[in-house]
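Asker: Quick note, the sequences are listed as chains A and B, same order. Going by numbering that gives the first Met the number 0, the first residue of the first sequence is number 0, and it counts up by one from there. Going by numbering that gives the first Met the number 0, the first residue of the second sequence is number 0, and it counts up by one from there.
Keep in mind the hints are simulated off the structure, nothing from the lab. Check the hints yourself; a few may be wrong.
Label pairs and their in silico Cβ distance ranges [stated by the list, open to error]: (1) B/238 / A/1: 55 to 61 Å; (2) B/129 / A/23: 44 to 50 Å; (3) B/5 / A/69: 22 to 28 Å; (4) A/161 / B/5: 36 to 42 Å.
Fair warning: this is a prediction, and the values are worked out from it, not measured in the lab. Glycine is no exception: its CB is placed at the ideal position from the N, C-alpha and C atoms.
Residues per chain are reported as follows:
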Amino acid sequence: MTAVVRTEGLTKFYGRRRGLEDLDLEIRPGEVFGYLGPNGAGKTTTIRLLLDVIRPTRGRMSVLGSDPRDPAVRGRIGYLPGELALEGREKAGEYLAFLAGVRGGVSRDRIAALAERLEADLSVPMGKLSKGNKQKVGLIQAFMHEPEFLILDEPTGGLDPLVQHEFLAMVREVRAAGRTVLMSSHVLAEVEDVADRVGIVRQGRLVAVEDVAALREKAVRRVEFHFDAPVPREEFEDLPGVRDLRVEGANLSCTIDGRPDALIKAAARFTVVHLVSAEPDLEEIFLTYYSEENEEEARHARAGVQEPA
Amino acid sequence: MPALVSKSLRDHRRSLIRWTIGIGAFFTLYLSFYPNISQNQELYGEAALKKFPGAMRDLMGGLEGFTTGVGYLHGVVYQLFGPMLFVVCAAVLGNQAIARPEESGTLELTVTLPIDRRRLVAERFAALALGLLGVAVATFLLAWGLSAAVGTGVAVDRILAAHTGVFLLGLFFGALSLAVGAAAGRRGPAMAVVGVVAVGGYIVETMGRNVDAVSWLRWVSPFHYYLDGRPLYQGFPVGDYVVLAGAAVVLLVVAILAFDRRDIGV
Ligand SMILES: Nc1ncnc2c1ncn2[C@@H]1O[C@H](COP(=O)(O)OP(=O)(O)OP(=O)(O)O)[C@@H](O)[C@H]1O
Ligand SMILES: [Mg+2]
Chain A
0 MTAVVRTEGL TKFYGRRRGL EDLDLEIRPG EVFGYLGPNG AGKTTTIRLL LDVIRPTRGR
60 MSVLGSDPRD PAVRGRIGYL PGELALEGRE KAGEYLAFLA GVRGGVSRDR IAALAERLEA
120 DLSVPMGKLS KGNKQKVGLI QAFMHEPEFL ILDEPTGGLD PLVQHEFLAM VREVRAAGRT
180 VLMSSHVLAE VEDVADRVGI VRQGRLVAVE DVAALREKAV RRVEFHFDAP VPREEFEDLP
240 GVRDLRVEGA NLSCTIDGRP DALIKAAARF TVVHLVSAEP DLEEIFLTYY SEENEEEARH
300 ARAGVQEPA
Chain B
0 MPALVSKSLR DHRRSLIRWT IGIGAFFTLY LSFYPNISQN QELYGEAALK KFPGAMRDLM
60 GGLEGFTTGV GYLHGVVYQL FGPMLFVVCA AVLGNQAIAR PEESGTLELT VTLPIDRRRL
120 VAERFAALAL GLLGVAVATF LLAWGLSAAV GTGVAVDRIL AAHTGVFLLG LFFGALSLAV
180 GAAAGRRGPA MAVVGVVAVG GYIVETMGRN VDAVSWLRWV SPFHYYLDGR PLYQGFPVGD
240 YVVLAGAAVV LLVVAILAFD RRDIGV
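Construct all of the structure, not just a fragment, from the sequences and the given hints.
Answerer: Rendered as structure tokens:
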């Protein structure tokens, strides 16, 4: 199957300011791709390039198999801008009807159903909507025409937890229907529940693309065992993936890196009274990428010095 | 009607109505003075107006035959203030096509719709032209009615000729503000360019008539193609109006080309 998004060396400079440099990215059909990075990393720049809002300085891209300059391709995309501007006396419902018309028509019932789901009031003039309520209108317009590909720039901004939950359910439904989603965020926690893969971008460069399941497997988790009697430390030393081992009488605690299998089998030889296993902290891995990138940045800087100007 | 055209017209409905009322009020006010002026020849006649400095009379379009119906209509309504009101109205509409929505950020979602960028500009221009036409038709009917009511004695086809010129002049400046806005993405530069071309163009056309050093510049002044043919006196200056309309189309093409190759909202 052809990729939904494929970029090669995609680069955008705003004058001399770097927005994005040498992005090689592939988004596969049917996946939810989380696009993560700190402020100013280049997430919005990437997304605007994919929608032909801005034009690349160099590099190539294809979206749904074509150039995003082709208007027909844009009709197959649902887009939520990162800085959604809705204003004026126009009612949200009228605006949605206009957008729906241009995209080839959406039934009123579908818009009404989405509005009800997100608890959005479409009869209010858009200029008077609160930030979160504007965001809901933005989500409705992105989802309403059931596009093949959803591009959502910080979709959860301003939404209360209940609506966020509903939104994530909508994303899962989209994936279940075999459609594709690209969503950006600052934190992994926001996307890890729905994303199949995440890409991490920093200072205009893609630092890593990871499978969320693999990330979870790799994740460090703290485990504690409480036995009915003191256990010998030697039995647990040098087990694969076990680190920071501490044995105090009948209590054992450690962190596991990867699969807990060996540890469980070792523990099974004793009587386990109580077991505590904390959720893997993906955020920690995520932050590691940020700091690793710092080193890489330094390496780039050194390489830059050696290059003739 | 294409979706963007009807949407723009709907969005600008209130502003179009306000402009129609404003321009209508101007026509009503000034034409209502006419009976008073035509009855006071000694106060407003040729001799009295000769007291104004020549340059100032030039700037006001000569002020000849001020107490006659056609002279009054020409000098007071169709010479300076009428056209300028249309120019400002059109420039504001031109800015609402691209520059304003770009500044406020609403253009971002619009350009991601399945509409070709060139068509987007063309449809916004069509909305501008239709909106301006609406204002022109309404104010023409008013001017015609008032002119008959106060007894200027000017034939309706002459009023139509002058009003058409005002409309085309407005269309030209609307296209100018659209083109600058489409290229720059900001309202400030568009308003600045419209201001300089309108004021400069008007001065060159009126005062330049009697100054050899700048009289050649009249050919590039948009006002030349409206004022020089004296439509209220001589009817439709067809060639001049074709030039105005053609220039508006050229500006539209410039707007389309500039907008098509640009980053939006940066
Ligand atoms: N219009 C612009 N002009 C100049 N520089 C810009 C412009 N837009 C973005 N940049 C720069 O490009 C870089 C990437 O910006 P971008 O908006 O893509 O970041 P982001 O990842 O979306 O950040 P955030 O999480 O804050 O939304 C930043 O350094 C930013 O300063
Ligand atoms: Mg952003």
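Asker: Which hint numbers doesn't this structure obey?
Answerer: Hints that this structure does not satisfy do not exist here, as all of them hold.
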